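Protein chains: 2
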Amino acid sequence: MKKIEHIGIAVKDLKKSNELFASLFGEPHYKIEEVKSEGVNTSFFKVGTHKIELLEGTNDESPISKFIEKKGEGIHHIAFAVDDILSEVERLKKEGFIVLNEIPKKGADNKLVVFLHPKSTNGVLIELCQEMD
Amino acid sequence: MKKIEHIGIAVKDLKKSNELFASLFGEPHYKIEEVKSEGVNTSFFKVGTHKIELLEGTNDESPISKFIEKKGEGIHHIAFAVDDILSEVERLKKEGFIVLNEIPKKGADNKLVVFLHPKSTNGVLIELCQEMD
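If you read the protein sequences in the order shown, they are chains A and B. Following our numbering, the numbering of the first sequence begins with 1 at its first residue and continues without gaps. Following our numbering, the numbering of the second sequence begins with 1 at its first residue and continues without gaps.
No lab work stands behind these hints: they were computed from the structure. Wrong hints could be hidden among the right ones.
Stated by the list, open to error - Computed list of lysine-lysine pairs in DSS-like fashion (alpha-carbon distance at most 25 Å, straight line):
no. : chain 1 : residue 1 : chain 2 : residue 2
1   : A       : K46       : B       : K16
2   : B       : K111      : B       : K51
3   : B       : K93       : A       : K111
4   : A       : K119      : B       : K12
5   : A       : K51       : A       : K3
6   : B       : K70       : A       : K119
7   : B       : K46       : A       : K93
8   : B       : K70       : A       : K51
9   : A       : K12       : B       : K119
10  : B       : K119      : A       : K70
11  : A       : K2        : B       : K16
12  : A       : K70       : B       : K71
13  : B       : K12       : A       : K94
14  : A       : K93       : B       : K93
15  : B       : K12       : A       : K111
16  : B       : K2        : A       : K51
17  : B       : K71       : A       : K119
This structure is a prediction, so every number in the text was calculated from the model and none was measured.
Using the sequences and the hints given, assemble the complete structure.
This is the structure:
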């Protein structure tokens with residue numbers, strides 16, 4: 001793993017939260033993006049060179065809506081950038097981590113993403129992401 | 001705010017989790033530190049230039065023990081580096097954020113720290129930290 005690519009925060013109302021986080025960071029989000037396959041609307045903020053992603057579910061079946069129902073709004077995942085997602089998934093499987101999707105899927109922000117099950121990582125939902133060409 | 005300084009993860013058993021996260025990141029923690037005033041043992045990992053802090057409560061009254069009791073293990077806070085913690089606290093108070101400790105206190109890793117109440121930040125516990133001289 002190379003670095004923290006972003007931190008994902010689950011929110012109920014993206015519009016309201018965009019205002020809140022703009023006040024917090026002192027500048028507004030720089031882009032929004034819908035990821036239809038995941039049922040989420042997202043927005044991105046920069047803090048220095050770091051990214052914070054807000055996620056709002058677009059329907060009740062969205063993983064974000066379910067997360068909020070269970071745990072409330074808050075930090076949802078940490079995404080780590082990797083160079084070669086397939087070899088990293090192989091390495092982590094051998095280490096005993098539970099991979100939620102072995103076939104990388106298309107996430108927001110032009111990334112291929114794989115998630116690790118929180119029950120194998122101390123309750124932390126971890127996303128691996130590789131920039132798509 | 002300049003950058004994400006670190007992400008804090010609440011764990012029940014620091015020794016076990018140090019092994020788990022060493023497998024995850026592909027290298028072991030580089031330091032451990034007790035913060036007696038907060039009732040926590042901490043360890044630090046590097047992922048590229050980023051830091052991950054694991055926190056274990058040392059007694060039942062520790063904020064970490066209470067967090068785990070309520071929410072289970074998982075991501076506990078995001079810490080953002082600031083140059084001038086007092087002026088940043090003033091700015092955030094004016095924006096309507098609830099500051100948990102207006103007087104910065106000594107945190108791990110030679111930092112002065114202030115926390116914002118999660119109820120004012122979409123459920124996210126945010127730490128501001130300034131390097132001590």
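Checked hints:
| no. | hint | in the structure |
| --- | --- | --- |
| 1 | A:K46 - B:K16 | 34 Å, violated |
| 2 | B:K111 - B:K51 | 14 Å, holds |
| 3 | B:K93 - A:K111 | 36 Å, violated |
| 4 | A:K119 - B:K12 | 13 Å, holds |
| 5 | A:K51 - A:K3 | 12 Å, holds |
| 6 | B:K70 - A:K119 | 17 Å, holds |
| 7 | B:K46 - A:K93 | 21 Å, holds |
| 8 | B:K70 - A:K51 | 28 Å, violated |
| 9 | A:K12 - B:K119 | 13 Å, holds |
| 10 | B:K119 - A:K70 | 17 Å, holds |
| 11 | A:K2 - B:K16 | 23 Å, holds |
| 12 | A:K70 - B:K71 | 10 Å, holds |
| 13 | B:K12 - A:K94 | 24 Å, holds |
| 14 | A:K93 - B:K93 | 45 Å, violated |
| 15 | B:K12 - A:K111 | 33 Å, violated |
| 16 | B:K2 - A:K51 | 12 Å, holds |
| 17 | B:K71 - A:K119 | 14 Å, holds |
Of the numbered hints listed earlier, those contradicted by the structure are 1, 3, 8, 14, 15.
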